[in-house]
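Take 1 as the starting number for the sequence shown in full-length UniProt numbering and just add one per residue.
Treat the hints with care, since some could be wrong.
Said to hold, decoys possible - Have a look at the derived ranges for each label pair, beta carbon to beta carbon:
| # | residue 1 | residue 2 | range |
| --- | --- | --- | --- |
| 1 | Ser123 | Lys82 | 40 to 48 Å |
| 2 | Glu349 | Lys258 | 15 to 23 Å |
| 3 | Ala199 | Ser172 | 19 to 27 Å |
| 4 | Ala188 | Gln274 | 41 to 49 Å |
| 5 | Leu196 | Thr120 | 46 to 54 Å |
| 6 | Lys257 | Cys215 | 53 to 61 Å |
Claimed, not checked - Below are the DSS-like pairs computed for lysine-lysine, each with C-alpha atoms no more than 25 Å apart in a straight line:
| # | residue 1 | residue 2 |
| --- | --- | --- |
| 7 | Lys293 | Lys59 |
| 8 | Lys82 | Lys382 |
| 9 | Lys25 | Lys79 |
| 10 | Lys82 | Lys25 |
| 11 | Lys42 | Lys150 |
| 12 | Lys147 | Lys157 |
| 13 | Lys36 | Lys201 |
| 14 | Lys180 | Lys157 |
| 15 | Lys382 | Lys320 |
| 16 | Lys272 | Lys42 |
| 17 | Lys115 | Lys79 |
| 18 | Lys201 | Lys257 |
| 19 | Lys252 | Lys190 |
| 20 | Lys257 | Lys157 |
| 21 | Lys244 | Lys150 |
| 22 | Lys144 | Lys115 |
| 23 | Lys252 | Lys147 |
| 24 | Lys59 | Lys190 |
| 25 | Lys244 | Lys115 |
| 26 | Lys296 | Lys242 |
| 27 | Lys150 | Lys115 |
| 28 | Lys252 | Lys272 |
| 29 | Lys330 | Lys55 |
| 30 | Lys115 | Lys157 |
| 31 | Lys36 | Lys82 |
| 32 | Lys252 | Lys242 |
| 33 | Lys201 | Lys190 |
| 34 | Lys258 | Lys296 |
| 35 | Lys242 | Lys257 |
| 36 | Lys252 | Lys371 |
| 37 | Lys242 | Lys293 |
| 38 | Lys272 | Lys296 |
By construction, these hints were calculated from the structure, which means they are not laboratory data.
We put the beta carbon where it would ideally sit given N, CA and C, even for glycine.
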Amino acid sequence: MIGQTQYFRDTWAEIDLDALYQNVKTIRDGLPRETKLFAAVKANAYGHGDFQIAKEALKAGAHGLVVALLDEALALREKGIKAPILVLGLIRPTDASIAARYQISVPVFQMEWLKEASLTMESGNPPLRIHIKCDTGMGRIGLKHEKELKEIEQFIKETDKFEFEGIFTHFSTADQASEKYYQMQLAAFKQLVSVLDTAPKYVHAANSAGALCHCDSLFNAVRVGIALYGLSTSTERPPLNKVKQVFSLHTKIVHVKKIQSGECIGYGASYKAQTEEWIATIPIGYADGWLRKMEKQRVIADGEQANIVGRICMDQTMVKLPHFMPIGTKVTLIGGQADDFISVEEIAEKLDTINYEVVCTINFRVPRIYKRGDQLVEIENKLFLGI
């Protein structure tokens, strides 16, 4: 092994496992006992790291996991996760046997898909676990009509290749203050569920906003994502007071210099010093997901406020310091102490986007450091080959 840290650039994201555990427990304790909590760990657990987050969420009381892709589900199975896993996106019918073999649940909403999948299912596998997806107003994927639902239910009954495990929908506006569209979707879903001959094991509709704000949508399972990570579901629906942001982003100064009035910094000479200034370079850029729109954003250098100056480069960023700071000084871009904290929401507002996109955008070039308190648990570096 080369070195001992498993990463070779002083830029990293810290994942607070204590906060994640407590967030899951807080949300789980706020649900009816019979309601199962499925933790959303798709997109590498919203940038936090799927395997570590999955383990911690299950330990804290989550019943199962949801992902977007079959590949994501298989990666968790290969790492030893045995809990129920539901894929939310459509898989190829030719891959149905793989999902069945690994006991991964998948969505179905097309009769043609079922027929093709039934022809490709390998003998000896357990039945494929099916969750029928209903489109009640999201307009993405799912069936819309009772006739379609009944046809699929009947087809599943007539074969031993499938198990009708669940039925679900997804709310479009549960995170908004107005409830009119949400109530329309909820009524449409209840109507579809009511025509089933037999209710499946899982009936679920609520996402984070639904689980936290709409007790009428809990049914017997919920799918919680963004709230697990201590982030608000929208600006109209702030998070629970007891949840804590799990993600923080840090780097260190690799170079520092004094420049004079009139000297310029960065591409396009977009920043010109007005006085004598101390400028630091930190090793993070837009190729890491720290995007160019973050120019002028504040950071925290050794506990003090500083600001990004000049255009953010692919791999490096420049910061105007309040005074000289030595090479190796820690700089926090997201996170910090309670009295001086940069939230994911603050970064999202700067980027004119949502908090989901911020944490998902910090990509694989940035290693994830998992901690409980000050104790290092694991380092995950997707670039590190262990050579």
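Which numbered hints turn out to be false for this structure? 1, 2, 4, 5, 7, 11, 14, 15, 16, 17, 18, 19, 20, 21, 23, 24, 25, 26, 29, 32, 35 and 37
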